[in-house]
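Undergrad: So the protein lines, in turn, are chains A and H. When you number the first sequence by this note's numbering, it's gap-free, plus one each residue, and the end is 307. When you number the second sequence by this note's numbering, it's gap-free, plus one each residue, and the end is 307.
A portion of the hints provided could be inaccurate.
When chains are identical, the list treats them as one kind, so a pair holds in a single copy or across two.
[Unchecked claim] Computed cross-link-like contacts, DMTMM-like style, restricted to lysine to aspartate or glutamate with a CA-CA straight-line distance of at most 25 angstroms:
id : residue 1 : residue 2
1  : 265       : 215
2  : 134       : 212
3  : 265       : 122
4  : 303       : 230
5  : 167       : 291
6  : 303       : 247
7  : 265       : 292
8  : 134       : 166
9  : 303       : 201
10 : 265       : 291
11 : 303       : 257
12 : 265       : 252
13 : 167       : 252
14 : 265       : 194
15 : 134       : 252
16 : 134       : 177
17 : 134       : 223
Source of the hints: derived by calculation from the structure; they are not laboratory data.
Protein chains: 2
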Amino acid sequence: MARTQGSHSDITGPRIQTAALKLFAQHGYAAVSMRQIAAQVGVQAGALYNYIPDKQTLLFRLMQDHMETLLDTRRRQAGQGDPEARLRDFVRFHIRFHLERPDAVFIAYMELRNLTPENFARIEELRGNYERDLENILRDGSAAEVFSVPDTKLATLGVIAMLNGVNTWYRSGGRLSLDEVEAVYWSMVRKAVAA
Amino acid sequence: MARTQGSHSDITGPRIQTAALKLFAQHGYAAVSMRQIAAQVGVQAGALYNYIPDKQTLLFRLMQDHMETLLDTRRRQAGQGDPEARLRDFVRFHIRFHLERPDAVFIAYMELRNLTPENFARIEELRGNYERDLENILRDGSAAEVFSVPDTKLATLGVIAMLNGVNTWYRSGGRLSLDEVEAVYWSMVRKAVAA
DNA sequence: AGGCTATATGAACGCGTGTTCAGATAAAAC
DNA sequence: GTTTTATCTGAACACGCGTTCATATAGCCT
Numbered sequence: 113m114a115r116t117q118g119s120h121s122d123i124t125g126p127r128i129q130t131a132a133l134k135l136f137a138q139h140g141y142a143a144v145s146m147r148q149i150a151a152q153v154g155v156q157a158g159a160l161y162n163y164i165p166d167k168q169t170l171l172f173r174l175m176q177d178h179m180e181t182l183l184d185t186r187r188r189q190a191g192q193g194d195p196e197a198r199l200r201d202f203v204r205f206h207i208r209f210h211l212e213r214p215d216a217v218f219i220a221y222m223e224l225r226n227l228t229p230e231n232f233a234r235i236e237e238l239r240g241n242y243e244r245d246l247e248n249i250l251r252d253g254s255a256a257e258v259f260s261v262p263d264t265k266l267a268t269l270g271v272i273a274m275l276n277g278v279n280t281w282y283r284s285g286g287r288l289s290l291d292e293v294e295a296v297y298w299s300m301v302r303k304a305v306a307a
Numbered sequence: 113m114a115r116t117q118g119s120h121s122d123i124t125g126p127r128i129q130t131a132a133l134k135l136f137a138q139h140g141y142a143a144v145s146m147r148q149i150a151a152q153v154g155v156q157a158g159a160l161y162n163y164i165p166d167k168q169t170l171l172f173r174l175m176q177d178h179m180e181t182l183l184d185t186r187r188r189q190a191g192q193g194d195p196e197a198r199l200r201d202f203v204r205f206h207i208r209f210h211l212e213r214p215d216a217v218f219i220a221y222m223e224l225r226n227l228t229p230e231n232f233a234r235i236e237e238l239r240g241n242y243e244r245d246l247e248n249i250l251r252d253g254s255a256a257e258v259f260s261v262p263d264t265k266l267a268t269l270g271v272i273a274m275l276n277g278v279n280t281w282y283r284s285g286g287r288l289s290l291d292e293v294e295a296v297y298w299s300m301v302r303k304a305v306a307a
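All chains, please: the whole structure from these sequences, using the hints.
TA: In structure tokens form, the structure reads like this:
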């Protein structure tokens, strides 16, 4: 048998990514087999290799797509204004963007050690670009003396770590709405860097 | 051959834990084989089963030991005083304790998904105990109006996430000393929850 | 209608997995 | 010095792994 009814590259390709994203997030890269991914897609394992060269590249592409979507989306809606407004925008953007794709976020920083050194370096470079965005805001705010942070780099990492924490506990339909979560974290971040 | 010179339960037992801790942190639970652990200990794979019933239990015990050490250590040196002093102590304790054992910390929250549901529940209960410690400080401080947090639970999670972030970048001998890192984070936390 | 090609199957490859266990031996007990 | 016991080896088990490839066919092109 081969090429079952309705099958098509344009369909199977994305479905592999979707299935892999979900399974990697759930069980971890090393614990998920190509056969499991294929089963989720509704195909035999061999068929996956029409779309990806190997398992490692599949992981890398998931991460790369995620990081580039993050950077592109951020670039498109990065606000203007004074540092405080830009910081507020960043906080709200970060929380919203990350809560919208918990699986990709989870993978993008839990599976770093499963990347080859070359692939790891490429992902870390993209992450660095994103963090530099926040760092610039904090630096500008410090220069204008509307912020006061003891160390710009550490403040950047501290704020991002705090915001990333949201993904570990937030569940839509829970006690707090997305707007409320954004407000609470914006309040804490604003005060943490306040002059 | 069997029972090579100098071998002993009191030596091999802890060496298994140490080897597993290091390897799990480095490559992830699913990616590490019992044979790799055994090789690190200098023993054949079968010998491991004189000390642990199975791989899953080995992982669980590592996490359990870590969480109980965390709780015990914290209990022994939990400070008294006003909420601000207690919060400062907590921040310093958390950073120091976690930086001292990066492998165990890494495992204790990266490998949660590889625990059976029962084991997962037991670890999460221990974690909850620890978080409640900080939550009480923030609640007391809010009641005394020396702190002002929009939501005690979220502030707890936010602060812990921020502090945990230190483990991802801190390297001893780097730009900042441990004391400086503690001071920087204490400054940010203090302001974030300030009235 | 016929040929071409993209897309799938399913078997096979060599290898590694967690775990068990009979047998061997060093160290402890007597 | 002999017996007992704790500790380890090494082979084996059944199974799953990532990947390859000859083969088959559904759908498009002419």
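Undergrad: Quick check: which numbered hints come out false for this structure?
TA: 3, 4, 5, 13, 15
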